[in-house]
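Q: Line order of the protein sequences matches chains A and B.
Residue numbers for the first sequence, in this note's numbering: 1019 to 1277.
Residue numbers for the second sequence, in this note's numbering: 2 to 719.
Bear in mind the hints are in silico, worked out from the structure with no lab data behind them.
Calculated lysine-lysine pairs in the PhoX-like style (CA-CA distance at most 25 Å, straight line):
1) B/Lys459 x B/Lys692
2) B/Lys356 x B/Lys646
3) B/Lys579 x B/Lys466
4) B/Lys646 x B/Lys685
5) B/Lys277 x A/Lys1208
6) A/Lys1208 x B/Lys400
7) A/Lys1196 x B/Lys400
8) B/Lys687 x B/Lys646
9) B/Lys248 x B/Lys277
10) B/Lys356 x A/Lys1208
11) B/Lys581 x B/Lys611
12) A/Lys1125 x A/Lys1215
13) B/Lys400 x A/Lys1163
14) A/Lys1163 x A/Lys1196
15) B/Lys692 x B/Lys611
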Amino acid sequence: MRIVVCMKETPSTEVSKSLGTDQRLVRNPTETIQNPFDEYTIEEGIRQFEQHGGEVIVLTMSPAQTDTAVRRALAMGVDRGVVVSDPALAGSDAVATGRVLAAALTKIGYDMALFGQASADAYGGVVPSIVAEFLGVPLLSFATKLEVAGTTVKIQRQAEVGYTVAEAPLPALVSIAKGINNSPRYPSMKGIVNAKKKPVETWTLADLGIAAGTVGTAAARERVTGSQAVSTQRRREIHVGNEGAAQRILDYLIEQKII
Amino acid sequence: MWFHPPAVLPTGNIFGAVVFAAVLVGAWTFFALRIRHLIRLLRLGRPENRLDHLPERIGFFLRGVLGQSGVLRNPIPGLAHFFTFWGFIVIQLGALNLWANGLGFSLPVIATPQYGVVLDIFLVLVTVALLVFAYRRAILRPMALKSQSHDWKDGMIILGLILMVVVTLVGTETFGYLAASQSAAEYTPLAGFFSAPFTGIPMGAALALYRLFWWSHILTVLGFLIYIPYSKHLHLLATPFNVFLKKSEAQPKGALPLIPDIEGRFEREEPVGASKITDFTWKQLLDGYACTECGRCNAVCPALATGKPLWPKEIILGVKEQLFDDGGRLLAKTIDTSGDEDQGRVIPLVGGRIKDETLWSCTNCGACVEVCPVNIDHVTKIADMRRHLVMEEEGRFPKELTPLFTSMERNNNALQMRNDTRADWARDLGIKLLADDPNVPVLYWVGCMGSFDARNRKVATAFVKVLQAAGVDFAILGPEESCTGDPARRIGNEYLWQTLAQQNIEVLNGYGFNRRVATATSGEDVEASVARPPRRRTIVTACPHCFNSIKNEYTQLGGDYHVVHHTQYINVLMMTGKLKLPEGFDTRTMTYHDPCYIGRWNDIYDEPRKILNVISSNGVTEMGRNRNHSFCCGGGGGRVWMEEKTGTRVNHARVQEALDTGASAMAAACPFCITMFEDGITAKGKGDDFKVEDIAEILARALESAPTSGAVSAPAEE
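Whole structure, please, built from the sequences with the hints as guidance.
A: Next comes the structure, spelled out in C-alpha cells:
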C-alpha cells in the first residue's frame, strides 16, 4: 500500500508571530516546524505502513527555505519526501493549495492519503475536503481510529455521544483528528542519521502541469484586508487567605447560575 | 621446618616433596589460566586510557589499597577489613615459607622468630575481624548486605575458608614446635600457648599432626587460590588495579564522558550507548571484577530506599555476570556480536538482566559512587545504558520525556515556553542584557527554571537583589540563553545535549567568555579586544545543573569558562566586604539540603553553610544525612521530568528528614530541589509551618528588612 502523508510547515508555536504589510505571516525559516496536528498524521501513516507494508511518503507544499520539517518526518520513519515549491505559489488560498496537493497526489500515485485535522497557523481545516473534491475520491474526516482491511478503510469519528463509524473503498483520503492520541514518536538517532540519506524530490508547478495563474495571490478568492491583535487576558479574581473564601466562591457560582 | 634451617621435612621425603611440587605447579597453572581468561574477557571491552596522571595513581594505590582509605570510612567493618587485608599479606608471606619448607628449605626474613611474632599478632587480629564480619552477616544483617539476586553463601564460604587458613596455620605452628622437641628456635607465641596441653605426646603423633596441619594449610591456601577468581573475592585481585586505574581527580567528577562524532559512529555502526558487554569499556568491565558485593551502594540509593527496582550493586554484578556468560562464548567464537538472533547473538543486558525501569529510576545523585570503597562508577554505566535506550533504540524511554526533548529542540528551553520571553521575569528589575553591554565582568546565567518557573523566578529575583545590593556589574543573556542541555545528557540524549551545548558555547564565545579563545565581543573589532588586557570574566548561576554542565562538561566541546555557583559567589562577596548582611537576622531554626550537583559532584559544602551561619541566628541544624552523605531530592538525572509511580516518593522521604530536625525552614540551593520539596511539603500538609527557600531568598529578605546594614551602593570593581 502506498500511503502519502500531507504535511504543512508552520511557524513554531513557541515564538511570537507577526504579519507583514501584505497581511501575510512573516516566516522565519529557523523557527519552522511540522504543523503540530500533522505529527499525529505522520505517526499514523508510519503505523499503517508498519502494519501493511508498502511505502509511506511525505508531501508538502512549502516555500522550501529549510527542510527541517520534512527531514524530521523522514527521521520518524517516512521513506521519502516530495516538496512542491514555486515562487508563483506565494499567497495561495486553501483552494489553490488543494489544487496543487491533488495534482501532486495524482503524480505520486496513492492508495491512501492522510491529512491533519487543520493547520495550527491558518486553522481553516478545509484542505482535505478540497483535495477530495479535486480528486473525486472519498474523504473520511476527523478519524480518531483508523483501520485498513483489504481494499477498505474504516474510521471512527468522535461524536457528542459515542462515535460514528465510516468506511470507504481505497483509494481514499483520511483526515486524522488530534484525538487519535497515538503518541507521535520521537525520532531516534538511527532515524536522524538515515533521514539524511533518504530522497526528497522538489517539484515546481510546471512539473505538475498547473498554470501559474490558477494559484498564488492572483487566483486567491479570499483576501485578508486587516487584522487586529486580541488580548487573551482572562477575567480573574484572586482572593488571598482563608477568611470568607468559601462564601465568595459560593456567591460567584450562584451569580454565574452554575449552581 | 618453620625456621631456618628446616629441622623436619613436612612432606616426609623426596617423594612427598615431588608430589607437593606437582600440586603447587598444578594449582598455580590452574590459577594462571583463569586469570588469562579474565584478562581476555576484559579485552572484549572498548578501549579507554586509564594510564594518564601516573604519579597521582600511585597516590591512589598507597592511600586506597595499602592505606585501605575506602573501607575505613565505615570504621568498625573498615578496621576489620584493614586487619584482614594486612593479615592476608602477612599470612601469605608465611605460606610462601611453608611452601619452601615442603621443598626442603626456608626463606630468609620470614623464617625468623621475629616474623613469627608479627604473624601471630595478625592471626589474632584476623580472627577478631572474622568474628566481626560473621556477626554483621548473620546477626546484624545491615541494609547493605541485603541483595536482590545474590545470596550470602559466597560471603560465608569465604569467611569459613579464611578461618580454615588461620586454624591450620596455628596447628602447623603448634605441632611443628612440638615435633621439633619444643626447640626455642621454633617458638612462636601461639605455638607456645597451644602446645601446652599437648606437651608429652609421642613425637610420632606430633610429627603426624604437624604434617596433617601443614597439608591442610597448603591445600586450603591453594584451594583459596583457585576459588578466588571464580568468586566475589576476585575483588582481592581486581581492586588494587581498580583503585589504581580510577578516574583521575584532574578530571571533573561531575562530567559524563563525551561521545564524539555521534552521527559518524552511527554510520560506522559503532556503539553510542551500551547494552551488549562489548559496548562497555574494559575499565567498566573491570568494575565488575572489583565489586565485592558489600552493598554500600544499595544502602545509600534514594531510588532503592523508596521502593524503586534499582539496586546499584545488581547493575555492576549484572554486567559482570553477562560478561562471564557471553564473554566466554564470544572468546570461544560460538557467538558473535553481529549474528542473527537464532545463530546465537550476544544477549543485550538492557531489557534482560537490567530492566528499563531500573535505569529510569536513577536520580544520578552519585551517592553510590561516593560511597563505593573500590571506586566503582555506577552512574556512567547507567548513563551509557540510557544512551542506548534513547539513541539506539526506537524511543524506548518514558513517554513524558518526548515533550521535554521536543521543547528543548524547538524552544531552546526545557519548559515548553517561548524562548523570546526568557527575560520577561527581569522586566522592571533594572537588569541589563549582555547584548546591550557586552563587556560586563559578570554574567548571571539564569537557566530555564529561573527564567520560566514561577517559584524559581522568585529565586532569580532575590539573587538579583543580592547582586545589586553588593553593587555587582552584571548582565543576563535573556533570549540568547538556551537550556544547557543537562536534562538531555542525564537522560541519555547525548545528541541533543551536544546541539544545545554547541549553541551556548557559540553565544558565550561571541561575548569573549571563553578562556581558551580570544574573541572580540560583539560590536567591537578583534584589535580592540586584543588591546584590552585580559581579565577574568565570571559566569554565575543559581542552578547546580547549569553550573555543572557549563563548568565541567562544556570543556569537552572546547568551552572553557570561569563558572561559579551563586553560593560560592555570595560567599566571596561577603568575605571581600562587598555584601554586608545583617548578622543573625533570620531567627528561624534552619536546616540545609546539599544539592547533589554542587555537593557530591562538585564538593561545594562549606560556602552555603558559611553564608547561613552569618544570616541565621541559630546556625544550621543538620539533617542526619548531610554533605557528601546527602540524600537526593529525587529530581536529578532527569527524574524531575518523569513520573514517579513505583514505591514511595524520594522528595517526601527527604522532607520528612528535614521536618524531623525540628527546623521550620529548609535552605536550598537548587531550583529542582526547591520544586521537589515544595511538592513534598504540600503533600505532607506542612505548607503553613515549614518553608523551603533558596539561600538567595533568605538573604534578599534580610537585605530588604534591614536596609541599615550598610549595603554598598556604589558599583564595586570586579
